[in-house]
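Engineer: Residue strings, one per chain:
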Amino acid sequence: MAIVSAAEQFHVSAVSPSYWRVTFDNGPVNLLDPDTVDQLAELIDTIENEPELTVVVFRSDKPGYFMAHWDFRSDNNRVAGMRPGPTGLHPYLDNFVRLSRLPAATISQIRGRTRGAGSEFVLATDIRFASERAILGQFEVGVDAVPGGGPMARLGRLVGRGRALEILLGGDDIPAELAAAYGYVNRIVPDAEIEDFTDRFARRIAAFDKVAVAGIKKLVDVATLPPDDELAAGLRAYFATAGRPQRRPFVELLFSNGLQRPDGIEADLGTAIGELRQKGAVTA
Amino acid sequence: MAIVSAAEQFHVSAVSPSYWRVTFDNGPVNLLDPDTVDQLAELIDTIENEPELTVVVFRSDKPGYFMAHWDFRSDNNRVAGMRPGPTGLHPYLDNFVRLSRLPAATISQIRGRTRGAGSEFVLATDIRFASERAILGQFEVGVDAVPGGGPMARLGRLVGRGRALEILLGGDDIPAELAAAYGYVNRIVPDAEIEDFTDRFARRIAAFDKVAVAGIKKLVDVATLPPDDELAAGLRAYFATAGRPQRRPFVELLFSNGLQRPDGIEADLGTAIGELRQKGAVTA
Amino acid sequence: MAIVSAAEQFHVSAVSPSYWRVTFDNGPVNLLDPDTVDQLAELIDTIENEPELTVVVFRSDKPGYFMAHWDFRSDNNRVAGMRPGPTGLHPYLDNFVRLSRLPAATISQIRGRTRGAGSEFVLATDIRFASERAILGQFEVGVDAVPGGGPMARLGRLVGRGRALEILLGGDDIPAELAAAYGYVNRIVPDAEIEDFTDRFARRIAAFDKVAVAGIKKLVDVATLPPDDELAAGLRAYFATAGRPQRRPFVELLFSNGLQRPDGIEADLGTAIGELRQKGAVTA
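Chains as they are written, first to last, in my numbering: chain Z, 2 to 285; chain D, 2 to 285; chain R, 2 to 285.
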C-alpha cells in the first residue's frame with residue numbers, strides 16, 4: 002500500500018486508486034479538535050478530486066477508541082472564527098455534509114468508543130460496521146449541550162423518533178449490540194473478523210463502476226439526507242448551549258475523573274456522566 | 002413523592018420538580034373516553050407550564066392493561082362537539098400533538114395491552130419501554146374504521162411502510178417481542194425489572210439541563226414529526242368511517258363476547274376480531 | 002378457487018371476491034421481461050377495477066426463485082418505445098407506482114431469490130413475508146447500472162440510509178435473516194409454514210371493510226411513498242447507465258457462467274458478480 006498522505010491525524014493508505022483506507026490518529030483516545038476540522042476538510046477536498054476513488058474505509062488502531070469525542074480543551078475562539086466551507090456552513094458541519102455527499106462509498110469500521118463528535122462523524126459516513134467492542138453515544142445532553150453535528154437530523158431519520166430520542170435524551174452509552182438492534186450501526190461483525198470483513202466489502206465496491214456508485218448515492222441522498230438548514234439549526238443550538246459558563250464546573254469535575262485519558266472516565270463516559278449529574282455535587 | 006394532582010384518571014406523583022410519574026387509571030381495563038380527553042388536555046397544560054419538569058413517565062397499575070382502547074360506549078355527540086385545542090385541532094388529536102412537542106421527555110412504560118387509542122397514546126410519547134407482557138395493536142380496521150389518532154403518520158415514519166401496513170391492515174395483536182423487532186417499541190425490558198429500569202433512565206434525564214433536553218427534542222421533532230394536517234386528515238377519515246351505522250352489529254357482537262371487560266375478548270382482542278369477522282355471522 | 006385469468010405470466014386465482022392469489026411464472030428462474038411489463042399493467046388495471054378485492058398475495062411455485070431479475074436478453078428498443086402509463090411514467094415504473102397505491106393490500110410471499118427488478122417488485126408491494134430460503138438484493142451496481150425501479154427511494158425510506166447504501170453499493174446477496182434484521186422484509190416465517198401463515202393473514206384482511214383498508218393505505222402512502230419524480234429520476238439514471246456499451250462484455254461473461262439458468266451463477270448471483278469483477282478478467 003502506498004502512503005498517500007501522512008497528515009498528522011488522518012493516515013491515508015491507497016490500497017488501489019479506487020480504494021483508500023484512512024486511519025484516524027489523534028492522541029491516546031482519538032479526540033477531535035480544531036486541527037481535525039482543518040485536516041478533514043483537506044482530506045475531503047482530496048477525495049472529491051480523485052477521479053477513480055470509489056470507496057474509503059475509516060478506521061482506528063487506537064485500542065478501545067475509534068474517535069472519543071470533541072476535545073473539551075479546544076480553543077473555542079479558533080472554532081468560532083473558522084470560515085465557512087464550500088457549502089456555506091461552518092467547516093465542522095461542512096465537513097460532515099460533504100462527507101455524506103462524496104461520490105464514493107464511505108465506511109466506518111468501528112472497534113471501540115465513538116461518542117459525541119465521533120458519533121456524528123460515523124453518522125456522516127455511508128455505512129457503519131461495528132465489532133462487539135464498539136460503544137456509541139451522544140452524551141452532550143449530560144454536559145448541558147445540544148449536539149452540534151447533526152445527530153438529531155440523522156438519527157431521527159436512521160433509527161426512528163423513539164430510539165433517536167432515547168439515545169439523545171438519555172445520553173447513555175449505546176453498546177454495539179443495542180446499536181445494531183436500533184440501526185445506529187448497520188450490523189455487528191466479530192472483532193476478530195471485522196478487518197477482513199470490511200476489506201472484502203470495500204474490495205467489492207472498489208471493483209465496481211464509479212459512475213454507478215456515485216449515481217446510486219445521489220438518489221439515496223435525495224431520499225435520506227437532511228436539508229442543510231436543519232443541520233445548521235443544530236449547530237446554532239450547540240453553540241448557544243455549549244457556550245454557557247454554567248457547564249464549566251461539571252466539565253472540570255469530569256477532567257478530575259480522567260476525562261480524555263484512556264484509563265479514566267472515558268471507559269464508560271456516557272453512563273458515568275448521568276451518575277455524576279445525579280450526585281449533584283457540581284451543577285453543570 | 003408528593004401527590005400533585007389526583008384527577009380521576011391521571012394520578013400524578015412528583016418524584017422531584019424535574020421528574021413526574023403519571024399512573025393512568027380508568028376502569029378495569031383502562032379505557033380512554035371523553036373524560037380522558039379533557040383530563041389529558043389539562044395534564045398537558047400543567048406539564049407545559051412546569052418550569053423545571055424535564056421527564057414524565059406514563060404507567061399503569063392495572064394488571065394486563067396499559068390503556069385498552071377507546072370506550073365504544075362513549076357519547077359520540079360530546080366528542081363531536083368538543084372545541085379545538087390550542088393547535089386548532091380537535092382535542093383528541095391536539096392532546097397527542099402537544100404531548101409529542103412537550104419541552105420534557107415523555108416515556109411510556111408498557112406492561113400490558115395498549116391498543117387503538119392506547120397505541121396512539123404511546124406513539125405520541127417520546128420513548129416506549131415494554132415488558133414481555135405488553136401487547137400493542139391497531140385493530141380499528143377490524144371494526145371498519147381508519148384509526149384517528151395518527152398511527153398511519155407515526156408508524157409509517159417509525160417502523161417503515163411495510164411493517165406499518167402489516168400492523169394497520171392486519172389489525173392483529175402485536176406481542177412485545179415483535180413490537181421491539183419492528184421498532185414499534187424501543188426495546189423489551191423484563192417485567193420484573195422494567196419499573197427500576199424506567200426509573201433509572203428517567204432519573205438520568207431528570208438530572209440534565211432542561212434547556213438541552215428541550216433543544217434536542219425540538220430538532221428531533223423537525224426530523225421526525227408528521228405535519229399537523231396529515232394527522233387532521235387521519236382524524237377526518239376516522240370520523241367518516243367509524244360513524245357508519247354498518248359497524249354497530251359487529252361491535253355489539255364484541256360486547257356480547259366480553260368487550261371492555263378484563264376477562265373477556267380483551268385478552269386477545271386483535272386476533273379475536275379477525276376470527277369473528279371471518280365467521281361472518283355479523284357484518285360489521 | 003376460480004381461475005380468473007391465465008395470462009402467460011401472472012396466474013390469478015380468486016379465493017373469493019375479496020382475496021386473490023397471483024402466481025408468477027416466467028421460465029425456469031422467473032425473469033421479468035417486456036411481456037411482464039405489459040401483463041402486469043393489465044393485471045393492475047384489473048385489480049384497480051375489482052370493487053370487492055381487498056387483498057392480493059403474490060407468490061411463486063418456481064423452486065428457488067420468486068422473480069430472478071430483469072431478462073438481460075430483452076429487446077431494449079421495445080422497452081424504450083413503451084408508451085407512458087396512467088401516471089405519465091414509463092410503464093416499468095408506472096406499474097410499481099400503481100401497485101403501491103392500489104386500494105387493496107398487497108403481500109409478497111418470498112420463498113426464493115428475488116433480485117434487481119424482482120426486489121423492486123416486492124418493494125412496490127405493501128408487505129413482504131419471507132421464508133429462510135429467500136434471498137434479496139440489488140446487484141445492478143455490479144453490472145455498471147443504477148437500479149431503475151425505485152430502490153434508492155424505497156429502501157432509503159424503509160431501512161434507513163446506512164443499510165440502504167450497504168445493499169445498493171455492495172450489490173451483494175442479502176439472505177432472509179439479514180433482510181429481516183434490516184427491515185428489507187417484514188419478517189421471516191419458516192418455509193414449511195409460510196403458505197399457511199400468509200393465507201391466514203390474507204384471510205383476515207379479506208374479511209375487513211375495503212373502505213377502511215383503502216383509507217388506511219392512503220394515509221400510510223402520504224407518510225411513506227416517495228414522490229413520482231424521485232422515482233422518475235431513478236429510471237433515467239438506469240437508462241443512462243445500463244445503456245452503456247461498456248457493460249456488454251461482462252454481461253456476456255455472466256451468461257457464459259450460467260446467467261438466467263437455474264443451475265448456474267444465479268444461485269449466488271450478487272456475491273458472484275463481485276468476485277468476477279475483482280478478477281478483472283473482463284471490464285464491465
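A portion of the hints provided could be inaccurate.
Covered by chain R, per the in silico footprint, the following chain D stretches (three or more residues, Cβ under 8 Å) [unchecked claim]:
#1 143-152
#2 165-176
#3 205-212
#4 233-240
#5 268-280
These are calculated hints, taken from the structure and not from any lab test.
Built from N, CA and C at the ideal position, the CB exists for glycine as well.
Engineer: Determine for every hint whether it applies to the structure shown.
Structural biologist: Taking the hints in turn, this is what the structure says about them:
{"no.": "1", "hint": "143-152", "result": "holds (count 5)"}
{"no.": "2", "hint": "165-176", "result": "holds (count 8)"}
{"no.": "3", "hint": "205-212", "result": "violated (count 0)"}
{"no.": "4", "hint": "233-240", "result": "holds (count 3)"}
{"no.": "5", "hint": "268-280", "result": "holds (count 3)"}
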